[in-house]
Amino acid sequence: MNIAAILPEILLTVGALVLMMVAAFGGRRASGVTTWVAVALLILAAIVTLGRPQDAGPLFGGLIVADGFGAFGKVLIFLSAAVAIIAAHGWFERDFEHASEYPVLILLASVGTAVMVSATSLITLYVGLELSALSSYVLAAYRRSDDRSAEAGLKYFVLGGLASGILLYGISLLYGFTGTTGFDGIAAAFARDSTPSIGLLFGLVFTLAGMAFKISAVPFHMWAPDVYEGAPTPVTAFFASAPKVAAVLLTTRICLDALGPAIDAWRQIVIFAALASIALGAIAAYGQTNIKRLLAYSSINNVGFALIGLAAGGPRGASAVLFYMAIYVVMTLGAFLCVLRMRDADGEPVESLASLSGLSQSRPGLAAAIAIFMFSLAGIPPLLGFWPKVVVFQAAIGEGLYWLAVAGFLGSVIGAYYYIKIVKILYFDAPAAPFAKAKAPVETALILAAALAVSPLGYLAIGPIGTLADKAAATLF
Amino acid sequence: MSDLPILSIMIAVPLLAGIVALFLNASGARWIALIATLIDLALGLVLWVNYDPAGAQWQFVESVGLAGPVAWALGIDGIALMLIMLSVFLMPICIGASWRSIEQRVPEYMAAFLLMLALMIGVFAAQDLLLFYIFFEGGLIPMYLIIGIWGGAERIKASYKFFLYTLFGSVLMLVAMLVMIGIAGTSSIPALMAYDFAPGLQWWLWLAFFASFAVKMPMWPVHTWLPDAHVQAPTAGSVILAGVLLKMGGYGFIRFSLPMFPEASAQFVPFVFVLSGIAVVYTSLVALAQRDMKKLIAYSSVAHMAFVTFGLFAFNRQGIEGALLVMLSHGLVSGALFLCVGVIYDRLHTRDIDRYGGLSDNMPGYALLFMLFTMASVGLPGTSGFVGEFLALVGTYEASSWAGIVATTGIILGAAYMLFLYWRIAFGTQRNADAAAMPDLNAREWWLLTPIAAAVLWMGVYPESFMRPMRADVGRLLERIERAAPPGDSHLTAGKPASQAGVHSTPAENH
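Quick mapping for you: the protein sequence lines, in order, are chains P and W.
Position one of the first sequence corresponds to residue 81 (the numbering used here), numbered consecutively onward.
Position one of the second sequence corresponds to residue 10 (the numbering used here), numbered consecutively onward.
Heads up, a few of these hints could be off.
Stated by the list, open to error - Each computed PhoX-like pair below joins lysine-lysine, with the alpha-carbon atoms no more than 25 Å apart:
| hint | chain 1 | residue 1 | chain 2 | residue 2 |
| --- | --- | --- | --- | --- |
| 1 | W | K304 | W | K166 |
| 2 | W | K170 | W | K304 |
| 3 | W | K166 | P | K501 |
| 4 | W | K170 | P | K501 |
Because the hints were derived from the structure by calculation, they are not lab data.
If you're wondering where the values come from, they're calculated on a predicted model, not measured in any experiment.
Bound conformation, chain P alone (with noise of 0.2 Å):
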């Protein structure tokens, strides 16, 4: 037993049962000690992750690893959960009565997300995956008073336990017709007959169907707007950031560990999510009024090019999504927090398109800030978000996917007219009713050093993240 090498892990969860206690017992006063407590654990779990050895081997028999995979994937869910815990702090002191239990269900989402990305056995994937569900269906209704957040968090149960559902089928089905749960044993099941069973591939399929829902990839996107919209935006925050790159990450592991001598079968798969994800993110959010539900399909389009990483396979493809999500995190986490400073003269939080109207001249650094974050999720050279469309485009080129990088590339140009479009409302129209202006130094430092990290200064830090993540993608195979 080695208990070290789950240490973030175990971290995280006393500190949020302890948390939950001082939460209980001490009400709305313990806000703040709850919130920076948590932020200080989520920090300090970062710290441990990447100062440990990685090459600790299969855990407690094989049912999860601490490699260098998923040490890339927890600093990256850890930071990110962090940045959403201060990110709702201010929020929730404003206008909301319960804001101590907050950090620990984001606490707990986390530990949910790590085992996510650690698991090497069909069981500690679904409890991972599961613990990190839960958590999100409370957070999406964490506002009970409000209709739309109810509404989002019941949608997402719903819909939620449809789509594990039809993973445990998957799950079951994979574990009938191999016999274990173990994604080793899963790969020698399928490496053993060269066409594989029926019974396998329909496993397959339903595995790669929950977790297509998990990452709200086309065609199991549906909920995701809704849920985005609804969601106090912190929340929606989170949302988008942590438990994304875990359920990116661990469908990259099954497919490449487990599933890895099927990827003729699940290749198509995931090109058709890819491209469908690509194509839908960018078109459905012509229509969108709404900031947050704009974003949702914005990470449905990102998703897909994720997507594209994972459809190159190998430790390229593996390396190209670990980089992917990387940037994929700082640029959705800062057009979050920039969404968050969005509250009009009295201090209620706007979420409409048209109230960012003629922004670059009320709040010309806000703007410039949000206008930045849209071009780089746009992969307009010379910001960063262009960087890792290469890489993935790259990735799928060396394996001689041509025209997935053709029609990946012709999708991100579809998908640019709407982030332009966010452009064109901060800096070509009229302006409207100005922002209310709120002091909160930590959440603007965040956005400057999300900005300045996806500005053309980020390219400095391209050689440092492309080594790491290619050391994590190579503990795969």
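Since the structure of chain P is already known, use the hints to place chain W on it.
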């Protein structure tokens, strides 16, 4: 001198000045923009003086291995040198042209132009494929903002059209670039220029690059973004678009399509000739029918750019040298024409040709300069337009006599629409009292237009100054494409009677 990373400095100066300008007030931003662009002009002159036409192909080379597969690799040959000179020459003039006419959000405006300058220099100096792409595409962002914020009534449609059209072309090129990097194992442009791709693959790669450069150039039928963008952009924006951004297309053909895919280029000669022929005739006729001054000049740009593609794909020295000179000349002349339009637009706030007339009476100085630029656009001997167009036509005629004949009609049609424009604006009776009351050029406008006029005459009388740095590079390009393009690869324009003057037959060296 040789150790100084002068190209990086030329990119950094406007970039830093742009960031500083954002935090200044309007007049501070104007001055810092002017100073920064003048510094770049001075640095450009240093480049030109120190460039050794007989020296190595790539000079002022710098390379820093940025972490990852992209390298900060810069360096120029004579062709890039002249295009950089064009950019740094036009940029202070653009800032000057916006001195009074832009009153709103001046710091952002100046910052956008300075960023644009940095990116343009980067495009011409980049020696790494992906670095080139980053600069090439990066230009979309400032130009989108320039058109969208400070443009005319239809600015939003024009800005979308500009952005999406260009992006659409470029992403195909990016796919091709990634394929090339994957196959050749390097992203260094000089190395790729010497790399021989399989002819079958070249075909696809050429098409992908063509998609991008044809849009940028712009070639018929993907030119439709240009009239919108030019008309709606503020004067200085039009100058930069016509003067420099369009040249990126031609530069791309010279730097990438021809040397990297010579066989495919030879195969596509008929295709390019047909498109260029249609462009010359069709857009000239469209220009003839325009009532909007800027639109007329915009269409004339499309027609002039067709001379460039004719010349480049003639596969001989006259054609390519002529195309290069047309690019430089058009950069100056169309920029100057847009400035001329801007001068009277600032006074009367309309681009409608009918609202003017008889300006030679009340604005003699203006009429003089406008006439010079009109003649240069027509290609009158003694102006810059003549040298380039004549050479390009000679080269085209050598390659295909039919193409030569079609191309030459462009000269006649060009004379028709330009003289018609000049007649309607400067001559005739003064129909409108307000137009007749407009004052002549002020000192600032003289300062803007006379340098261009001088350059136009210089290039017309002694083109050797501009040709000398580029001659060796054209020779290297010819060496590359002549060796690689087998004689049988070229055909006459499809669907037209065959002529004996094949593309390959006499790639004459003497002229």
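Right, here's what the structure says about each hint:
1. K304(W) - K166(W): holds, 15 Å
2. K170(W) - K304(W): With Cα atoms ~16 Å apart, K170(W) and K304(W) stay inside 25 Å; holds.
3. K166(W) - K501(P): Distance ~11 Å between K166(W) and K501(P) Cα, so the pair holds.
4. K170(W) - K501(P): holds, 12 Å
Violation of the numbered hints given earlier is absent; every hint is satisfied by the structure.
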